[in-house]
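What follows is each chain in one-letter form.
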Amino acid sequence: MIREFTFTDVLYLIAAMRWTLALTAIAFLGGGIVGLTVALLRVSTFAPLRWLGALYVHAVQGTPLLAWLFVFFFGLSIVGIEVSPWIAAAAAYSIYAGAFLGEIWRGCLQAIPRTQWEAGASLGLGFAAQLRYIIVPQATRLAIPPTVGFLVQLIKNTSLAAVIGFIELTREGQLTTATTFRPFSVYITVAVLYFLLCFPLTQWSRRLERSLHVAR
Amino acid sequence: MTYSFQFRDVFAAWEFLLDGLILTLELSVVTMLSGLVIGLAGSAAKVYGPGWLKAIVAVYVEAIRNTPLIVQLFLIFFGLPSAGIKFNAETAAYIALSINLGAYSIEILRAGLQAIPRSQIEAGQSLGLSGLQIFRYVIIFPALRLIYPALASQFVLLMLATSVVSQISAQDLFHTASIIQSRTFRDFEVYIVVAGAYLLLALIFRLMFAGLYQLIFSRARR
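Protein sequence lines correspond, in order, to chains F and D. Going by this note's numbering, the first sequence opens with residue 517, and the numbers climb by one from there. Going by this note's numbering, the second sequence opens with residue 11, and the numbers climb by one from there.
It should be emphasised that the hints constitute simulated quantities derived from the structure, not laboratory data. Do not rely on the hints blindly, as some may be mistaken.
Unchecked claim - Quick list of the computed label-pair ranges, beta carbon to beta carbon:
no. : chain 1 : residue 1 : chain 2 : residue 2 : range
1   : F       : GLN669    : D       : SER129    : 49 to 59 Å
2   : D       : PHE227    : F       : THR695    : 48 to 58 Å
3   : D       : PHE227    : F       : GLY681    : 42 to 52 Å
4   : D       : GLU132    : F       : ILE530    : 25 to 35 Å
5   : D       : LEU210    : F       : GLN669    : 21 to 31 Å
6   : D       : SER192    : F       : GLN632    : 49 to 59 Å
7   : D       : SER129    : F       : HIS729    : 14 to 24 Å
8   : F       : VAL708    : D       : LYS96     : 40 to 50 Å
9   : D       : PHE227    : F       : LEU717    : 51 to 61 Å
10  : F       : PRO629    : D       : GLY221    : 29 to 39 Å
Here a beta-carbon is modelled for each residue, glycine too, at the ideal position from N, C-alpha and C.
Please construct the entire structure, taking both the sequences and the accompanying hints into account.
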């Protein structure tokens, strides 16, 4: 039945934002764990580990996120695992975010001068202790602005989960369009809602970046 | 648990996959060119233009960069017809991708333009060059060289993002995959093959961009 696109629909769209945020949070958490592993692999002193990290990053950054979503959503069922959109999305986004966060964090780790590592070594610290007490605290400060910037990418890309039936903001928009036949109003509203989520983060990331340059 | 992989059905549809691949390539290359043009014009406007033009470009860039591509695509393909503007899926895809990449290119190129030292521009002025000549002979070349890696990786990301146009049923590589899937029910195999094809494309584009860099920037000309 065709209804009008009313304020109630807008409220439903706003309510659907919580699933966008929940998926972003899960992806960031999963991607953070994967990303940290990748970043550590990439700065490892053992070459094959570095290659493994590089291979992972290139494979993920060279394939569309949509493909990962479909592989997990349709693909895992063939090994007998019934996959809900939640699991498929969580897995696909963790893999995807892990590659990008891993590259960002690797850059931050490598931006710390070699001499800092050597200073740690001369104090008798091992690799792990150098990383823990000398490199990571300095790299974290560098990592915050680009990580916030990537968070914006992540929020926007959660919209792709709509195609496997994961109900978040974009999917809710599709469903609302199907009942109201007001695609323009609906998708403009959806776009505005994404903008309200992302724009403050973009500005924050920019401010952080600027203050970092001043501090240096 | 005993699943036997069968890629035969997937590869049997190779002509079909090839058609999709060609559209994906066309979408990527055309969008890269139009995105570069929008990026050059927009970044020049944002850095050297009058205040009102800067404001318009800034609104465009922020609006596009803070909303998802798929929503922009839906707005153009499903939304605009209710305002009387109709496109077929492919045209909508070209428009949405160009608008999207254009916004990112403007930001990247802007950083390049702003990195050119003021003294370079003043040197051009003291030689009596006009504004356009300074842009053409003094600014653009070193600016492009500075941001080339960022632009190239944005272009590769765009090539991967073209897969999203399958959702408005433009017949790209990803869309042909879902058609083969619905015909053969070989879900996993189809998407693995297609993911491999994208990976190969990404590799080719990266090599091509690296070669292009050598060709343009590594000669005696600086």
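Exercise for review: Return holds or violated for the Cβ distance of GLU132(D) and ILE530(F) against the range 25 to 35 Å.
Suggested key: 52 Å, violated
Check your understanding: Range hint 49 to 59 Å: satisfied by the CB atoms of SER192(D) and GLN632(F)?
Key -> Holds - the Cβ-Cβ distance for SER192(D) and GLN632(F), about 56 Å, lies within 49 to 59 Å.
Check your understanding: How does the Cβ-Cβ distance of LEU210(D) and GLN669(F) compare with 21 to 31 Å: does it lie in that range?
Key -> This hint holds: roughly 24 Å between Cβ atoms.
Practice item. Starting from the hint 40 to 50 Å, judge whether the C-beta atoms of VAL708(F) and LYS96(D) obey it. Key: 24 Å, violated
Review point. Do PHE227(D) and LEU717(F) keep their Cβ atoms within the hinted range of 51 to 61 Å?
Key: 34 Å, violated
Exercise for review: Go ahead and decide if the range 49 to 59 Å is satisfied by the Cβ distance of GLN669(F) to SER129(D).
Suggested key: This hint is violated: roughly 36 Å between Cβ atoms.
Review point. Does the hinted range 14 to 24 Å hold for SER129(D) and HIS729(F) at CB?
Key: 21 Å, holds
Check your understanding: Would you say the C-beta atoms of PHE227(D) and GLY681(F) sit inside 42 to 52 Å of each other?
Key -> For PHE227(D) and GLY681(F) the Cβ distance comes to about 47 Å; the hint holds.
Point to revise | C-beta pair PHE227(D), THR695(F): status relative to the range 48 to 58 Å that was hinted | key: 54 Å, holds
Practice item. Evaluate the given range 29 to 39 Å for the C-beta pair formed by PRO629(F) and GLY221(D). Key: 33 Å, holds
In the structure shown, a violation is registered for the earlier hints numbered 1, 4, 8, 9, in ascending order.
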